[in-house]
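Participant: Next come the chains, spelled out residue by residue.
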Amino acid sequence: MPGIHYDIAHMLGAVVLLMSFALLYQRRLFAIIQAFALQSVVLAAAAAWQGYIQDAPHLYITALLALSMKAIAIPVALHRVIDRLNIRRTVDTALGVGPTMIAGVSLVTLSILLVLPVTADVTALTREDLALALSVVLLGLLTMITRRNAIGQVVGFMSLENGLILAAIGVEGMPLIVEMLVAFAVMVAFIIFGIFFFHIRERFDTLDLHTLENFRGERR
Amino acid sequence: MIFVQALLAGIFQVVQMLLVLALAPGLTGLVRVLKARLLGRRGPPLVQPYRDLSRLLRKDVVLAENASWLFRVTPYLVFTAIWLAAALVPTFTTALALTATADLIALVALLASARFFLALAGMDVGTSFGGLGSSREMMIATLAEPAMLMVIFSIAILVRTTSLSLIVDFMLAGGVGLRVSLGLALISLLMVAIAENARIPVDNPATHLELTMVHEAMVLEYSGRHLALIEAASMLKLVLYMALIACIFLPWGISEPGEGPLDLAIGLVTFVLKLASGAVLLALFETGVAKMRVFRYGEFLGGALLLSLLGAIFLYVSTGL
Numbered sequence: 001m002p003g004i005h006y007d008i009a010h011m012l013g014a015v016v017l018l019m020s021f022a023l024l025y026q027r028r029l030f031a032i033i034q035a036f037a038l039q040s041v042v043l044a045a046a047a048a049w050q051g052y053i054q055d056a057p058h059l060y061i062t063a064l065l066a067l068s069m070k071a072i073a074i075p076v077a078l079h080r081v082i083d084r085l086n087i088r089r090t091v092d093t094a095l096g097v098g099p100t101m102i103a104g105v106s107l108v109t110l111s112i113l114l115v116l117p118v119t120a121d122v123t124a125l126t127r128e129d130l131a132l133a134l135s136v137v138l139l140g141l142l143t144m145i146t147r148r149n150a151i152g153q154v155v156g157f158m159s160l161e162n163g164l165i166l167a168a169i170g171v172e173g174m175p176l177i178v179e180m181l182v183a184f185a186v187m188v189a190f191i192i193f194g195i196f197f198f199h200i201r202e203r204f205d206t207l208d209l210h211t212l213e214n215f216r217g218e219r220r
Numbered sequence: 001m002i003f004v005q006a007l008l009a010g011i012f013q014v015v016q017m018l019l020v021l022a023l024a025p026g027l028t029g030l031v032r033v034l035k036a037r038l039l040g041r042r043g044p045p046l047v048q049p050y051r052d053l054s055r056l057l058r059k060d061v062v063l064a065e066n067a068s069w070l071f072r073v074t075p076y077l078v079f080t081a082i083w084l085a086a087a088l089v090p091t092f093t094t095a096l097a098l099t100a101t102a103d104l105i106a107l108v109a110l111l112a113s114a115r116f117f118l119a120l121a122g123m124d125v126g127t128s129f130g131g132l133g134s135s136r137e138m139m140i141a142t143l144a145e146p147a148m149l150m151v152i153f154s155i156a157i158l159v160r161t162t163s164l165s166l167i168v169d170f171m172l173a174g175g176v177g178l179r180v181s182l183g184l185a186l187i188s189l190l191m192v193a194i195a196e197n198a199r200i201p202v203d204n205p206a207t208h209l210e211l212t213m214v215h216e217a218m219v220l221e222y223s224g225r226h227l228a229l230i231e232a233a234s235m236l237k238l239v240l241y242m243a244l245i246a247c248i249f250l251p252w253g254i255s256e257p258g259e260g261p262l263d264l265a266i267g268l269v270t271f272v273l274k275l276a277s278g279a280v281l282l283a284l285f286e287t288g289v290a291k292m293r294v295f296r297y298g299e300f301l302g303g304a305l306l307l308s309l310l311g312a313i314f315l316y317v318s319t320g321l
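Protein chains in written order, with this note's numbering: chain F, 1 to 220; chain X, 1 to 321.
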């Protein structure tokens, strides 16, 4: 039944997108990390489903990687960072939630309008998956823009990378090595970020990146 | 034959109206019992809302001196509008006499006019609480209504009708599988239903705390049979929203015109089961989340609007493919 295949893949992609919106909506660090973990779980499910319908066993490895690294390891590590920095109750305000959400929906519309004409000659599933994936990437960028706290920005970056994986699993014949490299790059980036957190904290006593601007003399 | 069908439709319509009226306090009672159990309390018995209503109906009405005629007719108007709206939603069968008028937009209009009169009555006596409640209610309404309409538009694009019984037919025929837009519309409609029924993240129906109350503040001046009508109307509204969500998104079991008594029985049983499971889910949700600040309603309902908007956008995309 190709109809059900299509619908479930589409549904999982949309839930990943929905979790991007949840990321934008949340204001507490704890909730942001939770939303990110959920997004990764759904992404793993999407990868496994794509592996099943495309008959591509290597996607199961992608799913396993997404589940173990992004849904479990990184959130746990972020929780530990938050605990050690003692910023558990920090509220991560930036742009108001309303304007952010409006910007988010505009970005989704933009990516749909962008992807559909470009991919006129591929299957409907790939097209919609690409549109969803591009939206997730753009929303990840938006999350990074609207967060003042370094951890919020890192989670935005990670969810951007979730969008990349979503695009990679939607396209048939994407070699495993590419996905592995992306996942590995993110892992390395995360470690570097972790070191940076502690350095920023040591220097400025906060993770609010606006103090960085102050430090460089860029504050208006 | 046509005559028989029309007669049956009339009978079903009456049964439906009595059914929703009879089930409404029970549903509210069930939610209360479940919530109490989840919080580790024993809670009131299931029939408590029925007792409350009958006691209120027996009591005298105490009117404020400066209450105008509007204050006195509002309970009847509100109750009639919501009862009529509840009668439009197919619960156990689509063979209803009012099927031709069972339009989603008419439904929204009925609910909106009920709310309009309630808000007017809240301001009528001139106490500060009434005005506060009315202003909050109207704020929620202005945010919830666009979301609700957007959901209706999404469904209308998909099914190409806003008639509820045709929507049920379409969904039962399996014309749509799992659709992203429908999922988004469902979440959005759930959020709207929570806001409109004054359930926990938006309003707490069990409290009389002036900082948080919305609906309670508006009806604070009512007593006796007026209060009974208003309470019954809000209970009916909960049934209405659950029936609406069930008949759009989970129509299985609803019997169609011309089907036998067995199908009708199945329809009735599944409807009661749907209401019961809705009550369980609502109780679980309400004990799981905390009440929001008033200033966050905008974000909550704005989220609902954006989800429904997203659903409509995706619908355009997938119909365009």
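Do not rely on the hints blindly, as some may be mistaken.
What the hints assert, rightly or not - Just some of the chain X residues that point at chain F, by a computed CB distance under 7 Å:
| # | residue |
| --- | --- |
| 1 | Asp169 |
| 2 | Leu172 |
| 3 | Leu309 |
| 4 | Val317 |
For the record, the hints were derived by calculation from the structure and aren't laboratory data. All C-beta atoms, glycine included, are put in the ideal place defined by N, C-alpha and C.
Participant: Grab the minimum C-beta distance from X:Asp169 to chain F and call the hint holds if it beats 7 Å, violated otherwise.
Facilitator: Violated: closest Cβ of chain F sits about 20 Å from X:Asp169, beyond 7 Å.
Participant: Hint check: is the beta carbon of X:Leu309 less than 7 Å from a beta carbon of chain F?
Facilitator: holds (6 Å)
Participant: Would you check whether X:Val317 satisfies its interface hint, that is, whether its CB is within less than 7 Å of any CB in chain F?
Facilitator: Status holds, d = 5 Å.
Participant: Against chain F, run the beta carbon of X:Leu172 and see if the smallest gap drops under 7 Å.
Facilitator: It is violated, given that the least Cβ distance between X:Leu172 and chain F is near 17 Å, above 7 Å.
In the structure shown, a violation is registered for the earlier hints numbered 1, 2, in ascending order.
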